[in-house]
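Asker: Given next are the chains, with one letter for each unit.
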Amino acid sequence: MAIIQQILFLAILGIVGWLVFKRASLIRNTILLGRDENRTDQPALRFATMLRIAFGQKKMFDRPLIGLMHFVVYAGFLLINIEVLEIVLDGILGKHRLFAPFLGSFYTFLIGFFEFLAVGVLVTCTIFLIRRTFLKVERFQPSRHREMNGWPQLDGKVILLFEIVLMIAILTMNAADTVLQEMGSGHYIPTGDFAFSHFLKPLFANWNETSLMIYERFAWWFHILGIFTFAVYVTYSKHLHIALAFPNTYFSRLTPKGEMHNMPDITREVKIMLGLTDTDSNTSAEENAIPERFGAKDVPDLSWKNLMDAYSCTECGRCTEACPANITGKKLSPRKIMMDTRDRLEDIGRIMHVNDGKFVEDGKSLMGDYISNEEILACTTCNACVQECPILINPLDIILQLRRYKIMDEAQAPAAWNAMFQNLDTNQAPWKFSPGDRFNWAEKLRNEV
Amino acid sequence: MAEMAANNEMPEVLFWVGCAGSFDDRYKKVTVAFVKILNKAGVKFAVLGTEESCTGDPARRAGNEFTFQMLAMSNIQVLNMYGVKKIVTACPHCFNTLKNEYPELGGNYDVVHHSEYLQQLINEGRVRIEGGESFKGRKITFHDSCYLGRANGIYEAPRHVLEALDADLVEMKRCKTKGLCCGAGGGQMFKEPEAGKKDINIERIEEAIETGATTIAVACPFCMVMMTDGVKNKEKEDSVKVFDLAELIAQAEGL
Chain A
11 MAIIQQILFL
21 AILGIVGWLV
31 FKRASLIRNT
41 ILLGRDENRT
51 DQPALRFATM
61 LRIAFGQKKM
71 FDRPLIGLMH
81 FVVYAGFLLI
91 NIEVLEIVLD
101 GILGKHRLFA
111 PFLGSFYTFL
121 IGFFEFLAVG
131 VLVTCTIFLI
141 RRTFLKVERF
151 QPSRHREMNG
161 WPQLDGKVIL
171 LFEIVLMIAI
181 LTMNAADTVL
191 QEMGSGHYIP
201 TGDFAFSHFL
211 KPLFANWNET
221 SLMIYERFAW
231 WFHILGIFTF
241 AVYVTYSKHL
251 HIALAFPNTY
261 FSRLTPKGEM
271 HNMPDITREV
281 KIMLGLTDTD
291 SNTSAEENAI
301 PERFGAKDVP
311 DLSWKNLMDA
321 YSCTECGRCT
331 EACPANITGK
341 KLSPRKIMMD
351 TRDRLEDIGR
361 IMHVNDGKFV
371 EDGKSLMGDY
381 ISNEEILACT
391 TCNACVQECP
401 ILINPLDIIL
411 QLRRYKIMDE
421 AQAPAAWNAM
431 FQNLDTNQAP
441 WKFSPGDRFN
451 WAEKLRNEV
Chain B
557 MAEMAANNEM
567 PEVLFWVGCA
577 GSFDDRYKKV
587 TVAFVKILNK
597 AGVKFAVLGT
607 EESCTGDPAR
617 RAGNEFTFQM
627 LAMSNIQVLN
637 MYGVKKIVTA
647 CPHCFNTLKN
657 EYPELGGNYD
667 VVHHSEYLQQ
677 LINEGRVRIE
687 GGESFKGRKI
697 TFHDSCYLGR
707 ANGIYEAPRH
717 VLEALDADLV
727 EMKRCKTKGL
737 CCGAGGGQMF
747 KEPEAGKKDI
757 NIERIEEAIE
767 TGATTIAVAC
777 PFCMVMMTDG
787 VKNKEKEDSV
797 KVFDLAELIA
807 QAEGL
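Quick mapping for you: the protein sequence lines, in order, are chains A and B.
First residue of the first sequence? That's 11 in the numbering used here, and the numbers climb one at a time after it.
First residue of the second sequence? That's 557 in the numbering used here, and the numbers climb one at a time after it.
Bound conformation, chain A alone (with noise of 0.2 Å):
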């Protein structure tokens, strides 16, 4: 019987783990379609960043209430994992309590401490789901956001719910263990009662041991196999962030949030135009090519940081809620661009799924299809997006390269937006007024004087 258990568990880790690793190769392989960028600069800055804000959380302790409860689910989820080892281990080597007889009665405190986390976890984790289900929290609501329509209201859920139901299964394993220890069971190794747990064991209180037998082994397998689903889920949910937060806070970007990246393209058209050019017989013709397309139509356009960003998107709505043109009505929700962003990477990767690793064009692209004109044109590129996001995506980066592929590419900027164009090409200043009256002003100065 044992032995058939090891070989099941084997083969069951052995399948989740060969799905976890093409889900994040598929994952790696579309974010490594954008374009190229380097933000490996200053290692220790990153380091230190990427430590401050994903794993010290800091940003989230801007709001200290949530901040609190969500760090306490994150440092259940982190810590817990050292028992999920133990589990994993038993699985595999057809034991029971693998660490119990090493660590003595340090054991029977760990298994304390996680008890103490899990129920941290259980109770803010059910506060979480009363407030996201009952509670009418604004950004959370499809009737306002119509990008939290359907699976993302669904997907915030059930992440909750399945972290409850691991917590019950885990607390209640762990009563029923401390029972049948009591009973004298043979397989089950004595470790006394652990820290809460211990409350539970009414609940045991008239069972027999097969019944107790029967339950124990029922909730380490569906706890454990709930674990390996929930990895799966995971991949494919809005609750990547648990991974992705520390690298794309790593790979954030270090420069004043104020600066546009350079179009080194453009710099040199504009430097042949002035009559500007190092006759520099070095640069190549693969230098000098001019790019198929200006700014980003699709996934591909953009860098491969923007990519990690949308990959990382939690959902949260925090970078919406501080949005003037969102507040204001507009139709730009920063959360939708990444969200759309994802969903087009997301559909690319099933192309290349079924096509060998190769993106096959759909004749769909990020601009027009899932992120309107309308939406790129409301931004007043005010970083409040930027500043609110608690693992430093960057939504006003999409934003302002789609922006520059509408205007440059296609050549579709609002008239009066063409009018400015047009005043500064003239006259060097987005109005209409003469370059010789810029000087103008002092005249009321010189006749003071």
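A few of these clues could be false.
Stated by the list, open to error - Computed footprint of chain B on chain A; a stretch qualifies when at least three of its residues, placed anywhere within it, have a C-beta under 8 Å from a C-beta of chain B:
#, segment
1, 279–286
2, 417–431
Stated by the list, open to error - With a cut-off of at most 27 Å between alpha-carbon atoms, the simulated DSS-like pairs for lysine-lysine come out as follows:
#, chain 1, residue 1, chain 2, residue 2
3, A, LYS442, B, LYS788
4, B, LYS734, B, LYS788
5, A, LYS68, A, LYS167
6, B, LYS729, B, LYS797
7, B, LYS732, A, LYS68
8, B, LYS584, A, LYS442
9, B, LYS584, B, LYS596
10, A, LYS341, B, LYS754
11, A, LYS68, B, LYS729
12, A, LYS341, B, LYS747
13, B, LYS585, A, LYS454
14, B, LYS734, A, LYS69
15, A, LYS307, A, LYS341
16, B, LYS642, B, LYS592
17, A, LYS454, B, LYS797
18, B, LYS596, B, LYS797
19, B, LYS790, A, LYS341
20, B, LYS692, B, LYS732
21, A, LYS281, B, LYS641
Honestly, the hints are just simulated from the structure, not real lab data.
In this text the structure is predicted, and so the values were computed from the model without any measurement.
Beta carbons are placed, not taken as given, at the ideal position from N, Cα and C, and that holds for glycine.
Please build the complex by placing chain B on the supplied structure of chain A, with the hints as guidance.
Answerer: Chain B in isolation, oriented as in the chain A frame:
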């Protein structure tokens, strides 16, 4: 600047006036106020006059990189020709572009916003708040400009300048990193807003009026336009005034 260069003189600082400061009737007053402050403080400064062009910020944010770079390159040519080292400007958009975006195109200058420069002049005692209007007890609220605040992390300098007035500084609900945009950035100044239920400047002005402030201090020509329009929309022109930092300092100095 051309005059100084001809006499082989170097200014302490180049005042970058910007398009609004040069052409917009309301913002020309800010330019004049700032120049008066500089003159009184004995700062040897220069302006480019007709040799100045738009930095290209609105074109770049709107997505027109060609126009931006054409303007930027010709500005950099002029600035480098005069060997300009330090620039002060009253416009956060010019400030951001000159400071953060010109270096990659070959223009490296020490760029400061006039809020920082005023703070420095006050700290050094070169500007003394005396001889003019008293601000004691007057309620002032400061509207953060996105391109000064979030874009470049400057939140304290303008507040220090206002504190020097000895006025009663009150904050709006959304301020500093959480400050709400006036609605003009990213090229919005030059087109009608997209369809929505409200204009952004109205949302912001309501918040400013809620503080009970009689003066809204701004540090950006676009914010100036949006906030002034907001006040008009609420028919509060008589009780609520919008001023730039430089104008307030000039008033306090009796200039």
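Asker: Determine for every hint whether it applies to the structure shown.
Answerer: Taking the hints in turn, this is what the structure says about them:
Only residues whose beta carbon comes within less than 8 Å of a beta carbon in chain B count, and the segment 279–286 of chain A has 6; three or more means the coverage holds. Figure legend: the segment 417–431 of chain A, annotated as covered by chain B; annotation consistent (9 residues with Cβ-Cβ distances under 8 Å, at least 3 required). Only pairs whose Cα atoms come within 27 Å are accepted, and LYS442 of chain A paired with LYS788 of chain B is accepted, the gap being roughly 25 Å. Between LYS734 of chain B and LYS788 of chain B the alpha-carbon distance is near 25 Å, which keeps this suggested pair within the 27 Å criterion.
For the suggested pair LYS68 of chain A and LYS167 of chain A, the alpha carbons sit about 25 Å apart, so the restraint of at most 27 Å is met. Straight-line distance between C-alpha atoms of LYS729 of chain B and LYS797 of chain B comes to about 19 Å, which keeps the hinted pair within the 27 Å bound. The straight-line distance between the Cα atoms of LYS732 of chain B and LYS68 of chain A is roughly 18 Å, inside the 27 Å bound, and the hint therefore holds. Only pairs whose Cα atoms come within 27 Å are accepted, and LYS584 of chain B paired with LYS442 of chain A is accepted, the gap being roughly 16 Å.
With a CA separation close to 18 Å, the supplied pair LYS584 of chain B and LYS596 of chain B stays within the 27 Å bound. The suggested pairing of LYS341 of chain A with LYS754 of chain B holds, with an alpha-carbon distance near 12 Å, which does not exceed 27 Å. The straight-line distance between the Cα atoms of LYS68 of chain A and LYS729 of chain B is roughly 22 Å, inside the 27 Å bound, and the hint therefore holds. Distance check on the hinted pair: LYS341 of chain A and LYS747 of chain B sit about 16 Å apart at the alpha-carbon level, within 27 Å; holds.
Taking the CA atoms of LYS585 of chain B and LYS454 of chain A, the gap is about 10 Å. The hint holds against a cut of 27 Å. The straight-line distance between the Cα atoms of LYS734 of chain B and LYS69 of chain A is roughly 13 Å, inside the 27 Å bound, and the hint therefore holds. Under the criterion of a C-alpha separation no larger than 27 Å, the hint pairing LYS307 of chain A with LYS341 of chain A is consistent with the structure, at around 19 Å. At roughly 19 Å between alpha-carbon atoms, LYS642 of chain B and LYS592 of chain B fall within 27 Å of each other, so this suggested pair holds.
Of the pairs offered as hints, the one joining LYS454 of chain A and LYS797 of chain B holds, with about 23 Å between alpha carbons and a cut-off of 27 Å not exceeded. Pair hint LYS596 of chain B plus LYS797 of chain B holds up; C-alpha atoms about 25 Å apart against a cutoff of 27 Å. Between the alpha carbons of LYS790 of chain B and LYS341 of chain A the distance comes to roughly 25 Å, so the proposed pair stays at or under 27 Å and holds. Pair hint LYS692 of chain B plus LYS732 of chain B holds up; C-alpha atoms about 24 Å apart against a cutoff of 27 Å.
At roughly 23 Å between alpha-carbon atoms, LYS281 of chain A and LYS641 of chain B fall within 27 Å of each other, so this suggested pair holds.
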